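Here are the chains, one letter per residue:
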Amino acid sequence: MIVAERKPFDEIKSMVKDCKKVFTVGCSTCVAVCLAGGEKEVGILNSELEIARNADGNPIEIGTATLQRQCDTEFLLELKGKIEDYDAIISMACGAGIQFLAEHYPDIPVFPAVDTTSIGINKDVGVYEERCRACGTCVLGMTGGICPVTMCAKGLYNGPCGGTNLGSCEINKDQACAWFKIHERLVKQDRLQNIMDVTPPNDWRNQIPRTTIQPAYKERCEEQKA
Amino acid sequence: MKSGSNLEKVLTNGHFAFTGELGPPRGANIEAIKEKAKFLKGNVDMVNITDNQTAMVRMSSWAAAMIVQELGIEPNYQMVCRDRNRLAMQADILGAYAHGLRNILCLSGDHQQFGDHPQAKGVYDIDSMQLIGMVKKMRDEGKFLGGAEIDTPPKFFIGGAANPFAEPIEWRVHRLAKKVAAGVDFIQTQCVFNMDTMRKWVHMANDMGLTDKVYILPGVTPMKSVGMAKYMKSKVPGMDVPDEIIKRLQGVDKKKVADEGIKIACEQIEEFKEMKGIPGVHLMAIEWEHMVPEIAERAGVLPRPVL
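Protein chains in written order, with my numbering: chain A, 1323 to 1548; chain B, 511 to 817.
Just chain B, same shape as in the assembly (with noise of 0.2 Å):
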């Protein structure tokens, strides 16, 4: 084992991984964090704890992975390359390790431009490809970025994102081939809506070996409604929502969409289940954290390995 974490053991013991997300709370609102945490406790493996997403200032991503840890959940420590440097980003590191923390998702993150400080600064002193590099000679050569030997070295399990739906599509397997080659252990893609150019992408990976390297879980995001779907397919960069997927919406009673979003979600969990390459599912229920279990049950994941 590289890390030990939870979700490493159920992937090497070829269980079908269930990851979710928990965001952070606008300040210092711990009840925030146990509300969402409630739902997601013994539905998935793993709870992504993102990091001032889309460049809004949030409660640290360490310190509410702490706090998620102590509930009962494991969590996975998102990182990005936007607002520490690589002295920053290494002691954070070491700290996180040494309060228990195994898992790290390593992202460039969203321009600050997005948020509610656009005057900041962005660092980017390192790219999300540098720090799975970074990560990776912590733990594998317990060595710092700068060489100097570390004194009992952070063993992470370490993940990065993938987007198989952005320009240029056919650069995109190449860049998953980067990743591994940087070091990383497990991917969780950008939500899946347009399932003919996933499965073409987990096609390409397949073929490349990459599958063999890296374990991949794909994004399911359930809309929640057809604003929600508009608003991905005309807004969100880098998202790509087929008319299919909003027709569907459409089609059904007004009362019903938020079901069929979830029914669409859990057809692609089983499609995904079946798909060679592909050993589980990261589950994106943005703000709709209740819906966890009730979408964890419909999908046929429950219960979750306890190993």
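With the rest of the complex left out, here is chain A (with noise of 0.2 Å):
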């Protein structure tokens, strides 16, 4: 999932401080699951915002809805007719939601309430751990299941570098040794061949939105650009 956490509330007032009526949009996907930005969420940041502006004696007047996904125009349009008349909206979705929202109602503004992190894992009860940089060259085939872009301090591809401690990373000695894990699983597997050869330098052209078509659509794409 995506994992976000939600802004500090001083930030999101100061965002919203010169608007009388705000609309907040929360999202029940992934931010909902990282209790981050879900209809939970949402209704918290609501309550903290009117006692906050009432006790400035700026009493704010508050719309709500909360999304099945805001990365999604189906669901986005679900809101037309009930925000033109606010002065602002504030999404609790990840930085995508919040940039899909703010395409739609352009003439809106819209503001951030999360902060978006990673793409992640459900450690434990409100515990998430990143595990994906999404650079777009999956090597976890090689690496036995273990990414040294996201996982290695250095995301090096050719590791272990010598400064790896004992198994853990030469910058905190909580966070393990990615290339000593990956040596270690393969090991396990018999798999050791994998990482004998050099790997050569990554493709890093990610520099411009990237768009995926899953095959079972590429040619209705097509037809459209067409």
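Hint data in this document are derived by calculation from the structure and do not stem from the laboratory.
A few of these clues could be false.
For lysine-lysine, the following BS3-like pairs were computed, each having C-alpha atoms within a straight-line distance of at most 30 Å [said to hold, decoys possible]: (1) A:1362 / A:1404; (2) B:745 / B:757; (3) A:1510 / B:710; (4) B:783 / A:1495; (5) B:765 / B:551; (6) B:631 / A:1329; (7) B:647 / B:519; (8) A:1445 / B:631; (9) A:1495 / B:688; (10) A:1495 / B:745; (11) B:519 / A:1510; (12) B:743 / A:1503.
This one's a predicted model, so the numbers in the text were calculated from it and none came from an experiment.
Could you use the hints to bring the two separately framed chains together as a complex?
Rendered as structure tokens:
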């Protein structure tokens, strides 16, 4: 899932300080699972804002909706006719959702209420850990299912470096050395041969937004372009 | 000859190589470089010029290397992958060569978190292995990494690092083999204190035929004090300082600890002179440049060959 954490309240409050009416939009997918921007978190933020603005003697009117996904036009259209009278929208979706919402309603300022941090896993209740940097060239088959781009502090493709510290990364004893783990797992699987050859420089060509078209939809997409 | 550098000549002519190190100043202080350089001149075959070592900003390694070269000492231009992408690296490699630099040491670099700008974005566009391959491609194929022809390719003697003491130990010789496959000409190792592990690693490298393909220069660092030995043992990742070294330093009169450190270093150098597959050593006298003449003298590596 995409992992996010809510921004500090003062930052959110400051972004909407000139607004009298705001509309908070939650997202029921990734950010709801990681407890950052689902329906519950929307309710909490709205209450905080109302209390704080009342205390300031500057009350705020807040509208609310939590969409299934803010990264999908189908769900974003549900907001049509509900938000046009508001001074601003606060989005609690990930960075992708916030942008897509802003793209659909370009006349209204959109403010982010969360910081999107990573693509990660649910490690424990409320604990999430990054596992993927979306580099676009997955090497997990070679590296025994451990990502060197994400897990190695230097993102090495031919590790481990000389700073590996008894299985830990040189930057932090609590952080495992990705390449130590990769070596360990490949030995267990008898696949050490995987990493005997030099891995060539990666293609980092991801500077413009990358588009993914699933094979079954390629034809349709080309027809639409034509 | 691949590069015609002094180090390459020393090694190919079968002399036991002796290289040193000089860290550029934290400023534009040329005098600081000159002060350190005077102790190295004539006592070593080549001097490593570090590249923002420990991720602290210093004078750029190519610039300091050029100053050192003007002083009549051959530099080993260090380049780390932390601070620049493949475009900047190749541009610097061309410029360094155009200004007469002939040795390069390709390193990953200490992580930026250790330095004085922990907020910096680590680049690591390519890693040290890939950097070695890139410099070789530029030299031997006359092509940039992207494939285009180079007008006057840079001909460097290509160095890399190896740490025989970091986990997983059994993988280390294979990583050396990867660097050889990538195109490295010489290796300078992490500071050697555990001679047992070092002997085993060299033995494996011999058995795998690697020492026929690459010149391995073990890193020798004389201990200045018991505190330094303890610090290196416990605080420096990837460093293996056996208790015997610390005990030996503790066993002498306080005023003689540094002398004992030099003695240990010289004993190591004597063993390396006799060790199969080892054609020289790399002396890392950290912030102790003024002791290099004495260490070189006591290690019996003077005079240095003039080729």
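Going down the list of hints, with the structure as the test:
For the given pair, residue 1362 of chain A sits about 20 Å from residue 1404 of chain A by alpha-carbon distance, which is consistent with the 30 Å threshold. A threshold of 30 Å between alpha carbons decides the hint, and for residue 745 of chain B with residue 757 of chain B the separation of about 18 Å falls inside it, so the pair holds. As the CA atoms of residue 1510 of chain A and residue 710 of chain B are separated by approximately 24 Å, the hinted pair is consistent with the 30 Å bound. For the hint pairing residue 783 of chain B with residue 1495 of chain A, the CA-to-CA distance comes to about 37 Å; that exceeds 30 Å, so the pair is violated.
For the hint pairing residue 765 of chain B with residue 551 of chain B, the CA-to-CA distance comes to about 28 Å; that is within 30 Å, so the pair holds. Pair hint residue 631 of chain B plus residue 1329 of chain A holds up; C-alpha atoms about 22 Å apart against a cutoff of 30 Å. Distance restraint check for residue 647 of chain B and residue 519 of chain B: the Cα-Cα separation of roughly 22 Å lies within the 30 Å cut-off, and the hinted pair is therefore satisfied. Between residue 1445 of chain A and residue 631 of chain B the CA atoms are separated by roughly 27 Å; this keeps the pair inside 30 Å, and the hint holds.
Restraint check for residue 1495 of chain A and residue 688 of chain B: the C-alpha separation of about 27 Å stays at or below 30 Å, so the hint holds. A distance of roughly 11 Å separates the Cα atoms of residue 1495 of chain A and residue 745 of chain B; the hinted pair therefore holds under the 30 Å criterion. Straight-line distance between C-alpha atoms of residue 519 of chain B and residue 1510 of chain A comes to about 45 Å, which puts the hinted pair past the 30 Å bound. Proximity of residue 743 of chain B to residue 1503 of chain A is assessed by CA-CA distance (about 23 Å); at most 30 Å being required, the pair is judged to hold.
Checked against the numbered hints given earlier, the structure breaks hints 4 and 11 and satisfies all the rest.
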